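**Student:** Could you put the whole structure together from the sequences, leaning on the hints where they help?
Line by line, the protein sequences are chains A and B. Residue 268 in this note's numbering is what sits at position 268 of the first sequence, and the numbering runs on without skipping anything. Residue 23 in this note's numbering is what sits at position 23 of the second sequence, and the numbering runs on without skipping anything.
There is no bait here: all hints are sound.
Facing chain B, according to a computed beta carbon distance under 7 Å, are these residues of chain A, among others:
hint, residue
1, Leu35
2, Leu42
3, Phe43
4, Pro44
Everything labelled a hint here was simulated from the structure, so no lab data went into it. Please read all numbers here as calculations on a predicted model, not as lab measurements. From the three backbone atoms N, C-alpha and C, an ideal C-beta is built for every residue, glycine too.
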Amino acid sequence: MKTATAYIINTPLSVSLYMDIIGGGLEQTKNADGLFDPDRTLFPLALRPRLAVKDPDHVLADGDHTTGLIDTRWYIGTDDKGTRITESTSGFSLGAYGELTVRRNVEPSSPLSLYFTCGYIDPRTQKTIRKSQQVTLTTVQNVELNLSLEIDAAQKMAISPFKNQALRTITATFRNGSDPVPDAKAVYSWQVLERATLTWRAIGADDPFYVSGQGTKALVIDRRYIDREAIRLEAHHKSAPSRVVSAMTKAYRYYGQWDEREMLTRGKFVRHDTREIEARAVIDTPRGQVTRPEDYFDITHIFTTNEKGAPEKVIGYGEKAVVGAGIAVRDPNVLAVFGCEVRERTALRVCTIGGRAVQVNGKVMCISIPKP
Amino acid sequence: MSRPRLFSVPEAIATELNLTELRTHDGAGRVLLSGRDLAIYGIDKALDEGAEELSPDEAKEIFHI
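**Tutor:** Here you go:
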């Protein structure tokens with residue numbers, strides 16, 4: 001028997017894969033408070049594949065053939081080499097015919113690419129046609145800022161050397177509108193003015209007055225080391241690094257009003273058995289006498305007499321000076337005169353030799369010297 | 001600072017927006033939609049048809065989110 005084979009020729013199908021986006025768009029916004037709009041954990045987004053087929057031979061009905069999709073797969077990434085999304089992948093759920101529901105928010109810095117691939121069996125030929133599509137979810141940082149910064153220090157902050165507490169905390173209040181900016185969203189930089197170059201630089205461990213708090217909203221300083229420093233705080237919201245606000249204070253050492261007097265606490269009246277004369281410097285302020293004045297002042301005790309041209313002689317330093325009673329001449333016409341010279345002292349300063357800080361047992365040595 | 005808006009809407013509105021399956025229901029015929037969900041529909045129109053704007057705390061309480 002002779003045979004002849006008839007071949008069926010099918011014109012290739014026109015197959016188009018679309019991705020319907022249900023319940024939002026591919027883009028979110030994130031505001032300065034870190035809130036997403038929409039929040040996909042509450043308002044999920046569905047990506048629904050749709051397959052449209054057109055058969056030039058009109059064997060198959062033209063139109064939607066989504067129900068014919070097979071082997072549907074989603075991947076995190078831009079191709080099928082990414083991480084495949086399964087039912088256990090957090091933030092996603094898979095539905096019928098390749099539908100993917102996204103319950104995950106996307107950070108502005110990390111757009112999320114999703115890759116979809118699927119198959120469709122041509123009913124005429126039983127051959128599988130593969131289609132794929134990529135979508136990218138993005139987030140725009142929405143910056144709505146009305147920032148203000150205050151510190152709890154006056155523009156000029158007098159620092160009294162007499163305060164018992166050496167430490168002073170300068171605390172900042174950083175607001176966006178009327179709302180405080182959470183610490184996690186704020187960046188703080190405490191700076192000091194370098195007087196030699198008139199430039200601001202970050203306060204660090206090398207600054208003797210610095211105790212703690214760099215990078216936070218509360219700077220702790222040690223008053224004893226402050227003569228005159230301009231201190232500035234710069235702050236910005238993490239979402240807008242270029243929107244910097246600042247606040248400044250000029251801290252300076254200030255003794256206030258004071259007056260000194262010399263008292264003879266022993267030997268004011270020199271008798272034959274008086275052996276010593278004790279001179280004591282007393283510092284009066286509007287708030288009372290300064291206790292341990294040598295802690296704050298440079299005090300020099302001087303002796304002279306009421307004779308014309310009598311020399312002045314330094315008899316001691318500090319709060320008290322004790323001299324032998326013989327210093328007072330036993331001439332009723334010559335009076336012993338005691339006096340004191342008192343000068344304010346600078347704050348503690350780093351002691352340097354040849355431009356290098358002197359260290360003792362690994363610690364920087366500081367000195368306080370009389371003011372000129 | 002603008003915050004994302006939340007609305008409790010009658011189920012009919014969510015149905016019209018084809019969002020009933022994707023959104024949270026309170027079990028009493030109302031659905032939680034975002035301001036963006038309603039933008040297409042028209043927020044004023046939705047409010048006229050019984051939608052209510054909610055604070056985040058109210059939304060948590062009503063929809064147990």
